[in-house]
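Enquirer: In case you want the letters, here they are:
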Amino acid sequence: MNIRSIGLIYRREMGTYFSSYIAYVVIAMFLLVTGYFFYNLLASFSVISFQAQSNPMLERQYNLLNINETVVRPLFGNISIVMLLMTPLLTMRLIAEERKSGTLELLRSYPVSDIDILLAKYFACLTVFLAMIIPTIVYPVLLVILGEPEIMPMVTGYLGLLLLGATFISIGLFTSSLTENQIIAAAVSFGLLFCFWLLSYSIAFVSADLGKFIGYIALNEHLESLAKGVLDSEDIIYYLGLIALFIFLSLRSMESRQW
Amino acid sequence: MIAVENLIKDYGSHRAIDDVSFSMEKGEILGFLGPNGAGKTTMMRILTCCMPATSGRATVAGYDCFDEPLEVRRRIGYLPERVPLYDDMRVSDYLEFVAGMKGMTASSVPDSVRQVAENCGLSDVYGRRIGAISRGYRQRVGLAQALVNDPEILILDEPTVGLDPGQIKEIRALIKDLSGRHTIILSTHILPEVSLLCSKVVIINQGKLVAMDTPENLGAQVGGSSRLLLHIGGPPEQVETALGQVSGVTSVQRDGTSQVDECRFFVDFDQGQNPRKDLQALIAENNWELMEMRSISASLEDVFIKLVTRED
Ligand SMILES: Nc1ncnc2c1ncn2[C@@H]1O[C@H](COP(=O)(O)OP(=O)(O)OP(=O)(O)O)[C@@H](O)[C@H]1O
Ligand SMILES: [Mg+2]
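In order, the protein sequences belong to chains Y and H.
The first sequence runs 8 to 266 under the numbering used here.
The second sequence runs 300 to 611 under the numbering used here.
Source of the hints: derived by calculation from the structure; they are not laboratory data.
Beta carbons are placed, not taken as given, at the ideal position from N, Cα and C, and that holds for glycine.
Check each hint, because a few of them may be wrong.
To be verified - Listing some non-contacts, in silico: residues in chain H with all C-beta distances to chain Y over 10 Å:
| no. | residue |
| --- | --- |
| 1 | 347 |
| 2 | 388 |
| 3 | 414 |
| 4 | 444 |
| 5 | 550 |
| 6 | 572 |
Said to hold, decoys possible - Simulated restraints, written as ranges between beta carbons of each label pair:
| no. | chain 1 | residue 1 | chain 2 | residue 2 | range |
| --- | --- | --- | --- | --- | --- |
| 7 | H | 305 | Y | 205 | 49 to 59 Å |
| 8 | H | 406 | Y | 247 | 33 to 43 Å |
| 9 | H | 427 | Y | 10 | 52 to 62 Å |
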């Protein structure tokens with residue numbers, strides 16, 4: 008591993024993300040959609056709160072006046088769905104674009120190992136992802152100003168989003184390394200992400216043991232517990248393990264491709 | 300310096316390189332010649348460790364391309380056929396990026412980048428975006444990135460494609476200048492380029508090596524006879540018969556575009572013979588006018604055509 012090469016490729020990648028406006032467009036769309044979700048959650052919460060003043064039953068029946076339950080948790084759920092839609096757009100170009108243009112061939116004729124190339128690209132994409140997710144901190148900050156939500160679930164929730172995004176990116180990196188066509192890379196990573204995501208739906212229909220297993224490998228199950236404010240090392244290990252697995256698979260795919 | 304032994308490369312079921320072996324010494328310039336699809340680019344990709352061979356061995360500077368790719372890559376500069384560059388970067392930034400990637404120390408990067416840019420004639424486009432420069436300049440940037448760290452070995456896939464004639468001359472001079480200290484492999488379709496630059500020629504066809512020698516030897520090997528072009532002022536029929544009777548001359552052909560009192564002739568004679576003196580004497584004797592006499596030796600072009608079509 009050569010830190011200097013990683014740094015150089017990282018800088019070059021960041022240059023492409025911003026000079027091609029990919030980063031700006033994706034970040035802007037992400038903030039637009041998540042902002043819209045946040046506004047709606049907040050609006051319905053305030054409507055319910057207003058009604059609850061004249062109808063105390065409402066408060067007792069549901070947990071609706073708990074801002075954690077009605078705003079914070081759905082917000083994290085929504086943000087993660089939008090992330091799922093946006094990250095393949097960031098990752099699809101990572102390897103596929105360079106393979107198509109042929110620059111990968113030239114890059115690999117320099118004394119740099121494949122893992123350095125992959126890590127540099129991974130971290131560049133992760134940086135853009137951070138630039139995308141960090142502005143959303145405005146939403147919880149607004150909640151803290153306006154109401155009295157619990158802080159801990161928001162902190163662990165963000166940790167969860169971060170890990171989830173990092174996992175999405177490693178999956179996207181892998182699919183991008185499979186092909187020279189960016190559309191195919193994006194389509195396959197959408198497919199993989201949705202599968203990992205929707206796995207939890209089948210828990211109800213299978214045996215208990217299998218259900219437990221599926222619950223363990225489904226991406227969103229782990230986010231749930233983090234969003235509840237439960238910091239479990241198992242969840243963190245799960246995400247880190249997946250990231251390592253997909254970076255390893257990307258490496259294998261880079262090495263085995265003979266074009 | 301570079302050795303290839305029994306190299307085979309299959310793309311699926313298609314054999315692109317079929318049992319090729321050759322080697323070259325330090326300081327040589329080797330020209331790769333072959334028709335489209337012969338396997339030149341494939342060979343270069345294997346030598347630059349871009350992809351593994353199906354079987355056989357390739358070693359560069361003593362390192363195996365498959366086992367120690369990083370050591371090989373440290374010693375080569377590669378110009379790929381398509382000249383793939385990052386279009387969104389400036390020429391200067393790109394060359395600095397490459398210099399860094401090739402492990403040059405940060406302090407030596409600016410100077411060597413400026414130097415190589417100057418050598419490759421890039422001063423005019425130095426600050427431009429690569430996507431916005433012309434084809435010829437792209438080619439030069441590609442060459443510059445191969446040369447930037449002054450590597451021992453240069454592998455250039457059609458280095459002069461897309462350049463204007465003046466620039467072709469300059470780049471050839473540059474390559475010639477690099478020889479001696481560097482070992483160079485280049486592929487080309489321009490045959491005179493091979494005679495001009497290369498100390499050794501490898502001709503491949505459909506993945507098979509058909510010839511390997513110096514350009515001069517190859518010319519001699521194939522051209523069994525030599526040819527002179529004569530432009531003579533005199534009655535064409537008479538001149539033609541007279542020329543045919545000079546000793547050593549095997550055949551005389553009259554150029555189609557003849558006028559009444561002057562004509563061009565192609566005179567073939569056996570190799571080893573030199574009928575020039577006799578021809579001159581003959582012309583002087585008959586009081587004809589010798590307007591031009593030029594030898595047309597069997598060009599590399601003829602060799603090439605002969606070798607690659609011989610099998611069919
Ligand atoms: N990626 C690939 N997949 C399958 N076949 C390939 C691939 N690349 C090249 N080939 C085949 O291998 C053979 C050799 O190709 P190569 O590009 O090495 O030829 P070349 O000598 O460089 O030709 P040119 O003079 O046109 O550049 C060709 O028949 C080509 O069709
Ligand atoms: Mg080629």
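Enquirer: Now tell me if each hint is right for this structure.
Expert: Here is how each hint holds up against the structure:
no., hint, result
1, 347, "violated, 5 Å"
2, 388, "violated, 7 Å"
3, 414, "holds, 19 Å"
4, 444, "violated, 8 Å"
5, 550, "holds, 50 Å"
6, 572, "holds, 50 Å"
7, 305(H) - 205(Y): 49 to 59 Å, "holds, 52 Å"
8, 406(H) - 247(Y): 33 to 43 Å, "holds, 38 Å"
9, 427(H) - 10(Y): 52 to 62 Å, "violated, 31 Å"
The structure fails to meet hints 1, 2, 4, 9 from the earlier list, while all remaining hints are met.
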